[in-house]
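Colleague: Fit chains Z, U and R to the known structure of chain W by using the hints.
4 protein chains.
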Amino acid sequence: MKTISIAILGATGYAGSELIRLIEAHPHLSIAHLAAHSQAGKILSDVLPGVGGSTAGMTLATADAPLPDDVELVFTALPHGAAAHSVKAMLGVGKKAVDLSADFRHADAVTYQSAYGLKHPYPELLDEAVFGLTEFNRDAIANTRLVANPGCYPTSALLPLVPLLKAGVLNVDRIIVDSKSGASGAGRSAKTDLLYCELNEGVRAYGLPRHRHAWEMEEWAECFSGQVVCVQFVPHILPMTRGMLTTLHLCGQQPDTWHGILEQTFKDEPFVRVLPGEMLPSTKSVAGSNRCAIGMVVTGSDTAVVVSCLDNLIKGAAGQAVQNANLMLGLEESAGLPVSALWP
Amino acid sequence: MKTISIAILGATGYAGSELIRLIEAHPHLSIAHLAAHSQAGKILSDVLPGVGGSTAGMTLATADAPLPDDVELVFTALPHGAAAHSVKAMLGVGKKAVDLSADFRHADAVTYQSAYGLKHPYPELLDEAVFGLTEFNRDAIANTRLVANPGCYPTSALLPLVPLLKAGVLNVDRIIVDSKSGASGAGRSAKTDLLYCELNEGVRAYGLPRHRHAWEMEEWAECFSGQVVCVQFVPHILPMTRGMLTTLHLCGQQPDTWHGILEQTFKDEPFVRVLPGEMLPSTKSVAGSNRCAIGMVVTGSDTAVVVSCLDNLIKGAAGQAVQNANLMLGLEESAGLPVSALWP
Amino acid sequence: MKTISIAILGATGYAGSELIRLIEAHPHLSIAHLAAHSQAGKILSDVLPGVGGSTAGMTLATADAPLPDDVELVFTALPHGAAAHSVKAMLGVGKKAVDLSADFRHADAVTYQSAYGLKHPYPELLDEAVFGLTEFNRDAIANTRLVANPGCYPTSALLPLVPLLKAGVLNVDRIIVDSKSGASGAGRSAKTDLLYCELNEGVRAYGLPRHRHAWEMEEWAECFSGQVVCVQFVPHILPMTRGMLTTLHLCGQQPDTWHGILEQTFKDEPFVRVLPGEMLPSTKSVAGSNRCAIGMVVTGSDTAVVVSCLDNLIKGAAGQAVQNANLMLGLEESAGLPVSALWP
Amino acid sequence: MKTISIAILGATGYAGSELIRLIEAHPHLSIAHLAAHSQAGKILSDVLPGVGGSTAGMTLATADAPLPDDVELVFTALPHGAAAHSVKAMLGVGKKAVDLSADFRHADAVTYQSAYGLKHPYPELLDEAVFGLTEFNRDAIANTRLVANPGCYPTSALLPLVPLLKAGVLNVDRIIVDSKSGASGAGRSAKTDLLYCELNEGVRAYGLPRHRHAWEMEEWAECFSGQVVCVQFVPHILPMTRGMLTTLHLCGQQPDTWHGILEQTFKDEPFVRVLPGEMLPSTKSVAGSNRCAIGMVVTGSDTAVVVSCLDNLIKGAAGQAVQNANLMLGLEESAGLPVSALWP
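If you read the protein sequences in the order shown, they are chains W, Z, U and R.
Residue numbers for the first sequence follow our numbering, beginning at 1 and rising by one.
Residue numbers for the second sequence follow our numbering, beginning at 345 and rising by one.
Residue numbers for the third sequence follow our numbering, beginning at 689 and rising by one.
Residue numbers for the fourth sequence follow our numbering, beginning at 1033 and rising by one.
Excised from the complex, chain W in its bound form:
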C-alpha cells in the first residue's frame, strides 16, 4: 500500500519533523531517507523522541548523502540559500522536489534578491518552479517536477485575498495585512530572543519596515488575480507554539457581497472552510489540521474585516507540501492530511 518512497532533507527542524509525522501516517507515501546535517549519524528517536512507529529507528544521513534509487520525491526543509543547491542536485538525479524554503518562490531573481539579499544561484530554475498555493494552482503543480511551497504568512493572506481580487471588489492601493504567528514560525535556532522566558506572556511586532513575505504576497496576488496590489504587512509573534491568524483590513465595493464570493470559491475545497454569518475563527479550530478557516464581518459601507487562520506548520508548511506532493505523484490530493484540529 505504501508504494511511493520519499526523502526529507532537514528532517529535525520544526517543518521537517512535521513532514515525518504526516508521511508516517500517509496511506501511500513511505519515508526512505532522512537527512539532518548537524545530527547525522544519530537514531531519529534520540533526536525527536516524539516520533513513534518504524520511522523512529531510522538513522539520520548527512545532507549530501546519496539517496536510495527508489525515492521519487524529495522534501527540502532547509534554510533559504542552502535549499537551492539541494534542490538543484535532487532534480539532477531525476527526483521531484517540494521545496519548503523561499528559494524558488519568486518568478525572477531580482525580486528574490530584493527580499532575501542573495543572488540566486540557479535563476533558470525559477521559470520552471511552480508556486504551490494548491487551491489556485492545481494543474501546474500536477505537471511540474519542482514546487516552491508557499510561506505561511502568504498562504494565510492569499487564500482569502485572491478570490476578492479576482472579483474586482477590493481597493488595491492599500491592503493591510496584520498577522499573528505562533513561535514555531521562527524556527529552531538557539537564539536568546526565542527562549521560553523571552516570548512567554508577551507579544511584539517584527520584520518592519518590509518583511520578506510582503514581496511574496504582492507577486502572487497579482499573478493569480491579474491585479497589481500594494500590501502593508505587519507580522507579530505570539506566546503560543502553533497557529497563525491574519487580519485583513479591507476597503472596496459592496462588502456585503464578499462573504458569498468566498463561500462560492471554497465550497468544494476540503481544506478551506468559510465560517457562516459573522462567526470568526480561532487558530485553535485549525491547529493540528491542514485546514484554513476564514471568517469575515462587514464593518461599514465600504469596509470589512476578513480573518483567516491556519496551522503554520501544516497548511502553512508541511501539510501544504504533502498536498502538493500528492498532486505531483498522481495521488488523491487530500491523502494522509488531517482535516480536524487537535482540540483543545
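If you are wondering where the hints come from, they were derived from the structure by calculation, not from laboratory data.
One or more of the hints may lead you astray.
Here are the simulated DSS-like pairs of lysine-lysine, each with C-alpha atoms no more than 30 angstroms apart in a straight line [said to hold, decoys possible]:
| id | chain 1 | residue 1 | chain 2 | residue 2 |
| --- | --- | --- | --- | --- |
| 1 | Z | 463 | Z | 386 |
| 2 | W | 2 | Z | 611 |
| 3 | U | 690 | R | 1299 |
| 4 | R | 1299 | U | 730 |
| 5 | Z | 346 | W | 2 |
| 6 | Z | 386 | W | 267 |
| 7 | Z | 611 | W | 42 |
| 8 | W | 267 | Z | 346 |
| 9 | W | 2 | W | 95 |
| 10 | U | 690 | R | 1034 |
| 11 | Z | 439 | Z | 386 |
| 12 | W | 96 | W | 119 |
| 13 | W | 42 | R | 1223 |
| 14 | W | 191 | R | 1223 |
Modeller: Here is chains Z, U and R on its own, set in the frame of chain W:
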C-alpha cells in the same frame, strides 16, 4: 472500508471531541450518532469548529435519543453517576459499550462508594465490566461487552508499576505517585478556578488527602500483580492543555534490574516506549499520540525514580478507549491510533 | 505617612485586586474599606491568597455597606451599569471617585447608549465627569471629584494618536487600530470561552463589527485634538494573562517627522516611553509597570506603523486610576506607581 | 533617603535584572554600578527595555571595571566558578558581598567539588561565608561581609523542613522532595532545549540521579536542625516563566501536630505564610512577591504532604538577596520587598 458504526454520548466535552477526531480518521469505524444533551439540535461544527470532514455537518442528538440499529458500540463520555444509566440502557438494546467515566472501574460497589460518594445503581454490572488497561487485560477486553476505560492518572501510574510489582522488586508499603496534569483533565465546566487567568503561569496540588484515583491505582495494582500496595498519590494541575507526567518515587530491591524488567515487558508494545539509558521523557514527546513513554534513573542502592508520560486525552482517555474498542470489535488493536506526537 | 484613606468597591475582580496591590505599596494611601458583594464577609486572603501585608486580614464588605468617614476617595471597579449607582452614592456622601467602568467615559448619554445599550441613569454627572487619560487631561483631573478612568484599548490607542492628530499629520478618515490583549481584559466571569483550555494556544478576533471602545477612541481623539476621526478597531484575545499591544496602521503626511512629534510630546512623561530609532516594544517590557511604550517604523512615503504596549491591568486600569487619584488628592502624580516591568 | 550605594555584577541575566527592579524601588538603596560583561558599553534600557526610571539610562560596565568608592555592597549574579573570583576581588577592596551563585553555599570545598565538579579557588572564604536562608540565620547574616544566597530549590524545601526537623517529628532516612520550577530558573542561555517551542506545553524531570541542590538541602537541613537527613530530590521544569512549587512527601510521628509547628515557627515572619486548614498554595499567590507560602494535608497516621511555593527569582534569588543585604547594612529586613503577588 468504514464498516462498523459507533456512537458517542457526551460528544462535546474534551474526551468526546477527541473521540470524534480519532474515529473520523479511523480506517474501520464510522460515526453514526453523536449526543450532547446541552447542545442537542445544533450542528457539530457550530459547537466544535475544529471538526472537519463529513462529521462536521452532523446534528447533535439528546442524550436519550434512540440509536441507529447498526451502531455496534457506544462510547460514553459522561460524568460519573450519569454514565452508569446510559451504559445500562445501551447494553439493554444490544450495544457494546466503552465507558470513559469512573462508573464501572471498581470491582465492587463499596469501593466505588468510598471513592465517589455514590451508591452504585447497577452493582451487578460491576462483575461484568472489564478494566480497560489494554496492555495488561487484552483477552478479557476482547471478550466483554462492557469496558471501563481507566482514568488518566491510573493509566500513567499502572503501566510502569505493574511490571515491577509482578517482578516482586518493590517495597509496597509506600509507593509515592506525584503526578502533573494539563488542565484539560479537569474538564470543560465553566468554573472560576479553571479560567485561563487563574491557571496560567501557576501550578498547584489538589485532591488531597486522597484523590479518587488512588483507589483505582491500588485496586488494579493488586489485581494485575497479586500484591497489596499502599499508594500515596498527589496530583498537580499545570499551565498546559494536554499532557500528564507521573513521577514514581520508589524503593525496592536491585533497582539496577528494573530498567530491564520494563524493557522486557513493553518491547513489543506499539503504544508504550521505554526510553534507553537514563533518558527521561517529556510530555511533549507523547502529546497528540496514543503512546506512553517511560524513563527511569537509579538514585541509590535501593531507590529509583520512574517517570511516565502520556496525553491525558488520548492514552489517558479517548485513545485507550479506541484501542479497547478495536479489541472488542475484532479489529487490529492499533487501528486508527496515532503513534507520533504532535511536536512541537 | 500613609495619611489618606481610600476605599475599593469590587475588590476581588482583576482590576480590584490590582488596585489593592498598588495601594498597599503606596507611600501615602491607605486602604480603609474593601467591598465585594459576592464575597462579603470573607477574609481577603482567603479570597485572594496573593495579598500579603496587613491588608490580607481585612474583611470584605457588601457593596452597599457604609464607608468609614475618613475615606476621601473611592475606586469603583464594578461592571458598567452597576458602577453608576455606586458612584452616585459615593459622591452623595462627599467622597471623590475614580470609576474604572465605562459609565462616565462618554460626554453625552446618547453615545453611552449607542455603545452600551443602556439608558444612562445620571446624565447630569456626565458633564461633571473628567476623562482620566492622565497625560492629556491633568488640570481637569486635579480639579474634579469624579474621574472616568479610560478603557485599556483607548488608552493604548490614544496615547500615540493624540499627538499625531494634534500635529495635523494624519489622514483621519480611516485609522486602523489592530489590538492584541491578554485574557485578563475579559474579566473574571466563569464562562466556558474563558477557560484555560479554550484560550491557551489560540488567538481570535472578537467584538466586531464595532467594539464599544471604538466610540471611546473617536470621542476622545476628537476632544483632545479637535479633529473628527474614523477609527476601525479590531481587538484580539491572546494566550497570555496581562499585556496589550496596539498596532496602528496609519497614513498621512511626512511620516518621517512623526517619531520626533511623539518624542517631543512624551519626553518628560514618567510613564510613556518612546523607543529610539525603529525599535519596537514588546508587552513584556511594560507588564507589571504603569508604563506605555511606543515604537514606530516608517513604511512608505505616506505610511507608518505605530505600536504601543501597556499592561492592561495597570496603565490600562488600576495604575492609571491611582495616577489620577494622586492628582485628585494633591499628591505627586507618580507616587506609588511602578516604572519597571516584572521581567521576564 | 537613598543613601547606600550598591553594585550588581551580572546585571542582565534574569536574577540580575530582578535585582535592578527591586533596588530601583528600594527606599534606601541606590544602584551606583552595573556590570554585564557581554553587554558592556551598552545603555541598560537598550538591553533590558523593561527597566524604567533613572536606572534605564545607565551604561553597563565590564565585569572587571573598578567600582565607585561609595559602593558598600555588591550583588554578584554570575555563573558558579566565575562568581568566586569576583567576590574575592570585591572583598579585597572592602566591599560587602551577597553572592547569588553556588560558590560559597557549602561549608567545605569537598562538598562543593562533589556537587559542582570544581576545585574551590578560595576555600578559606567558605568558613567566612554565611548561608543566607534569612529566616533561620539572621544574626550571622547581620554580622558578615559575605552571604551565600541560597538556591531556589533549597529555599523552597528548607523553609518547611527545618522546623519539622528541629521538632524531631520526621523520619529522616528518606525525605522526598518533588519540585516543579518555572523556566526562568534555567537561566538566559541560548540553548535549544530552552526555546519557547521546546518547553511550552510540556513538562519533564531533569537533573537525576542527583541534582546539585540535593547536597545543599542535606547540608543545611543538618546544620539548622542538628539532624542528618537523606533527601531524594527530583526537579521538574514547567511551561511557565516564574514560580516554584515543592511537594514534600513526608513520614514521621503525629503529623496532625505539624501544622501547628509550622504556624508557630512562622507566625511573625513577614515573608512566610502558613495557609490555614488544608488549604494548599498555588505559585500564583506568590509570584512577584518575596513570600513563601506553605500548606499541608495529613494523609495518614504517619504521613503528610507539605507544599511550599515561592517566586524562584525573588524569594528564591534576588528578593532573598535584598533581604540579606538589608540585614548586612543595618536596614529594616523587609525594606523594599514586595509582600503581595502580581496576580493574576
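Colleague: Which earlier hints turn out false for this structure, listed by number in ascending order?
Modeller: 1
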